[in-house]
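If you're matching them up, the sequences are chains Y and B in order.
The opening position of the first sequence corresponds to residue 0 in numbering that gives the first Met the number 0, with each subsequent residue numbered one higher.
The opening position of the second sequence corresponds to residue 0 in numbering that gives the first Met the number 0, with each subsequent residue numbered one higher.
Derived by calculation from the structure, the hints in this document are not laboratory data.
Wrong hints could be hidden among the right ones.
Interface residues of chain B toward chain Y, partial, derived using beta-carbon atoms under 7 Å [to be verified]: (1) Leu19; (2) Asn22; (3) Arg99; (4) Ile176; (5) Thr279; (6) Asn281; (7) Gln296; (8) Arg298; (9) Pro301; (10) Ile304.
Note that beta-carbon positions come from the ideal geometry of N, C-alpha and C, so glycine has one too.
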Amino acid sequence: MKKIILIMIITILITGCTNDINNEIIVTSLYIDNNLTCIYIVPNEKDSYVDTISSQGNNYKDMYDNLNNQASQKLYFDHLTTIIINENIKYDDLINFLNIINIKDNVNIVLAKNIPDIINKYKQLAPFTTPSTTLKSKKIKTITYKELKQNKNIYLPIITYKQDVIFVGYKKMQS
Amino acid sequence: MIEQIKKLMHNTSDLKIRTLKNNINIIYLESITNSLTISDVLIKNIINNYEHNDLKNFIPNVNTIEIQIKDTPYYLTCGFAIVIYNNKLLAIETRLYLDRSISESSGETVIRGPKDSFNENYLNNIGLIRKRIKNEELTINTYTIGKQTNTNVSIIYMNNLVDKNKLKMLEQKIKNIKIDSIIDSGYIRKSLNQEFCTFPKVLSTERPDLTCINLLKGRIAIIVENSPFALILPFSFFEFFNNPEDKYELTINSIFTKIIRFFAFIITLYTPAMYIAVTTYNKDIIPLQLLISLSGQVRMLPFSIIVEILTLVTLFEILREGDIRVPSKMGSSLSIVGGLILGDAAVSAGIASPIAVIIVAITSISSLLFSDIDFINGLRTWRYIFIFASSFLGITGIFITSIILFIHLNSLSTLKSNYFWGIK
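Pulled out of the complex, with its shape left as it was, chain Y reads as follows (with noise of 0.2 Å):
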């Protein structure tokens, strides 16, 4: 009997306790410029609501480190489903950075002109709605993280935004 209760009691302090829900914030998008923007969703039992942090840094994982140290709670990525990135980014620069992120291969890449604006624009979207799931709805094929790791010379839409987000076609990232 002491067994089982020490058994149990063990199982309670190391268990994955520190990992539920309760204590991360749902990151769903990602903006890749000279900041590193996320939109995410704090949920709330009545009214969950969506916010942005952003933050700057000599390289990308200095951002990304900066913007951890920013969040209140710690980010869950399991549910980013868009990467928007500015069009000047390198391709090994950003292949680089997701590796050390490890994101899904699902998460599908956009590039961007006007960032900021689109941001604005998503954050009262969100968090259902993301760039790719616009482009997606007017039946505009987009590319994942797969599709572009496993193809260098792939293209990808390009959105930018005057006054709506606008598809203004599709472009390879820059070498």
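Given chain Y, put chain B in place with the hints provided.
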């Protein structure tokens, strides 16, 4: 002779001695003998026929045996009166039946089907079976077990249907039971279930109709003196998914009920563990909308999800135990206080989330679809094991535990039949 009997009975205070004419003595234990039978039948006939040398022929009682002095304690404790005359000892059955009447089953109720159930009277119980199976193939072998209690244990089977090897095996097991006392059939059940197993391998039922159904399937029933529960074996794991009423329903409906029971089995075993897994380790498998909803509900909780679930599951088990033990009149108030008020208050006080209360409620209600209490308790044990496994490893833990459970159930046998599949 009287002094000798008194000594054999350790001068127990309920031992009564009546001395009649012609130095005829009657000795009996007043606590277990029928005083009316003693005065109206026994004393009256002895007084009228005391001059006859062969008194045995003048007592109108079926069970009248001439015994030796060393046998007197056994017959006295069985409710016999001992008549001493001409240095002879005559045991005459004057048993007082200290039993309740045949009543409706309290633990295995049915809407459609026979309502009678076994009681503590051993002969009544056998009679309830004989009443249903009027066939000479119905055979009863009785053994006396228990050094202190000398309890009658009967093995009942259909001679033409039973597997003789299994019968032999069971008889051997029964004979090998070395136990001081048997108060209820649960003692025998425990002795037959010595292999480590959380689920029961023997069905315990208080329904004579269910006992007969199983006897007619070639199974063996065990009736124990003073126990209202018959034991039936061999019984496989999936047969615990059946309900006494299934036989009386339309086939298609009973199949559908069994499917529902199977889902209830999955729900009661896996739901709390799955909830812990998806909110702790495997959040990525739930849709974003659901994740936001769950996260919103648990955000203000002072405890982690595993502590919350463990507390609620344990509280429900306490409530269930309490509900079983308290008198039935108090049971409903306990349910209202425990289920409704405590649940609602815990959510309002921010100690538990509504989703956790729903999960524990669904889990607990699902387990109550099974009629065998040992099966329900087995499910409870595995539910805790699954909760701990998912707390360590999430869905991987649940998967590993499922494999362990499957291997465990597959490795068990009951009278040389596979317990899980019921295959010989």
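Hints versus structure:
1. Because the smallest distance between the Cβ of Leu19(B) and any Cβ of chain Y comes to about 60 Å, over 7 Å, the interface hint for this residue is violated.
2. Interface hint status for Asn22(B): violated, as the beta-carbon distance to the closest one in chain Y is roughly 62 Å, over 7 Å.
3. At its closest, the beta carbon of Arg99(B) sits 36 Å from a beta carbon of chain Y; the interface hint therefore is violated under the 7 Å criterion.
4. At a threshold of 7 Å, the smallest CB-CB gap from Ile176(B) to chain Y is about 27 Å, leaving the interface hint violated.
5. With a least beta-carbon distance of about 4 Å to chain Y, the hint placing Thr279(B) at the interface is held under the 7 Å criterion.
6. The beta carbon of Asn281(B) comes no nearer than 9 Å to any beta carbon in chain Y, farther than 7 Å, and the hint placing it at the interface is violated.
7. Here the hint on Gln296(B) is kept, as its CB sits about 6 Å from the closest CB of chain Y, short of 7 Å.
8. Against a cut-off of 7 Å between C-beta atoms, the interface hint on Arg298(B) holds, since the closest Cβ of chain Y lies about 5 Å away.
9. Because the smallest distance between the Cβ of Pro301(B) and any Cβ of chain Y comes to about 10 Å, over 7 Å, the interface hint for this residue is violated.
10. About 5 Å separates the beta-carbon of Ile304(B) from the nearest beta-carbon of chain Y, less than 7 Å, and the hint is met.
When each numbered hint is compared with the structure, violations occur for hints 1, 2, 3, 4, 6 and 9.
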